[in-house]
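Q: Full structure from sequences and hints, please.
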Amino acid sequence: MQCPTSKIAINPDDTYTVKVTYENAGVSTSKQIQIVALIIYEESPLTVYYDTTSYLAGTMSMPFYPTSVGSQETITLLRGVNKLCHPYHPVTLECGMHIWVIPFDPSQGLGVFSYLEDGNGNIIAVNDAELANTLSQAGAYAADYCDAIIDWSEPQC
Amino acid sequence: MSSKVKMMREEERMIWGGIAAAASLAVAGSLIKSRHPTAGAAAQASATIPAVLAAYGVYKLILGKIEKEKCSQVFLVVDESGNPVEGAYVTVNDGVQTVGSCYTDSNGRCTVAPLLKDKTYYVNVSKEGYVCEECPLELVACTTLPLKVVLKKAAAQITLLRLELSKP
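Each protein sequence line maps, in turn, to chains A and B. Numbering-wise (the numbering used here), the first sequence opens with residue 28 and increments by one. Numbering-wise (the numbering used here), the second sequence opens with residue 30 and increments by one.
Hints in this document: simulated from the structure, not taken from any laboratory. Accuracy of the hints is not assured; some may be wrong.
Claimed, not checked - Here are the simulated lysine-lysine pairs, BS3-like style, with alpha carbons at most 27 Å apart:
{"#": "1", "chain 1": "A", "residue 1": "K46", "chain 2": "B", "residue 2": "K196"}
{"#": "2", "chain 1": "A", "residue 1": "K34", "chain 2": "B", "residue 2": "K196"}
{"#": "3", "chain 1": "B", "residue 1": "K148", "chain 2": "B", "residue 2": "K177"}
A: What follows is the structure in structure tokens.
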């Protein structure tokens with residue numbers, strides 16, 4: 028996968044946009060799919076906490092039907108937001124982004140997980156337990172990652 | 030002993046012999062209970078065993094309907110690491126048509142029944158994101174232990190080409 032050649036810095040309350048270009052190599056156009064992009068830190072998804080629940084920092088697409096087999100398409104994911112801060116001291120992490128393409132079929136419970144969004148419809152966080160469950164249940168049509176493309180600045184609260 | 034009494038005892042032996050034979054056949058599942066007792070039936074009973082049985086209304090032998098023994102087949106579907114695969118769809122085909130199917134539970138197990146014992150079937154297992162390379166599996170019904178089927182993760186059917194990251 029071709030990754031960004033320069034890093035971007037994400038600061039608290041920044042929004043960021045992710046575009047993913049894919050080629051359909053065999054998925055039926057009658058089956059909905061979705062793309063999930065998670066920020067990873069040292070090879071682990073970045074976990075954040077709201078109240079007592081842990082979430083993953085990232086964003087995703089709305090469910091959609093893939094383009095015809097053999098064709099390419101660029102999808103803009105829902106806009107992600109960084110609302111993190113560290114309770115003790117400022118932290119700067121060098122982060123990458125992990126991408127999954129997974130089936131979406133609510134009738135079979137595939138690809139169903141919840142997330143937090145702000146008042147503008149931007150994605151704040153993804154439910155990590157539900158996402159892990161759906162990934163194990165549904166498998167993935169594709170998975171890849173881009174390493175060290177984000178400077179994640181997390182200031183003290 | 031008069032010849033009349035002797036004849037009746039021989040007839041009784043035939044009747045009870047016939048019932049005993051019927052009982053042994055019933056174990057094989059080839060008898061259907063049938064009650065047709067009539068007031069004059071006993072009097073009209075002849076010396077032939079089927080007629081006697083029918084007259085006494087005990088059992089009626091349905092010839093030509095002897096069925097093979099049936100059984101239940103348990104399946105165990107796992108991934109390459111040996112972990113159970115839930116929600117896999119198992120179908121059993123007799124070479125002509127699908128005769129049974131089931132979805133695996135959280136333990137990777139499900140059961141298809143009834144199948145005919147010792148008959149050969151063909152098994153397919155499917156689940157989104159997985160492939161069954163050994164399918165169709167030949168099955169001689171029914172195995173004592175669950176029939177284990179290993180699914181492999183499907184090769185990526187979508188290729189990721191490019192990621193762009195930006196701030197508005």
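Q: Next step is simple, just say for each hint if it's right about the structure.
A: Okay, the hints, checked on the actual structure:
1. This hinted pair checks out: K46 of chain A and K196 of chain B have alpha carbons roughly 11 Å apart, not beyond 27 Å.
2. For the hint linking K34 of chain A to K196 of chain B, the alpha-carbon distance of about 11 Å falls within 27 Å, and the restraint holds.
3. For the hint pairing K148 of chain B with K177 of chain B, the CA-to-CA distance comes to about 18 Å; that is within 27 Å, so the pair holds.
Figure legend: structure checked against the earlier numbered hints; every hint is met.
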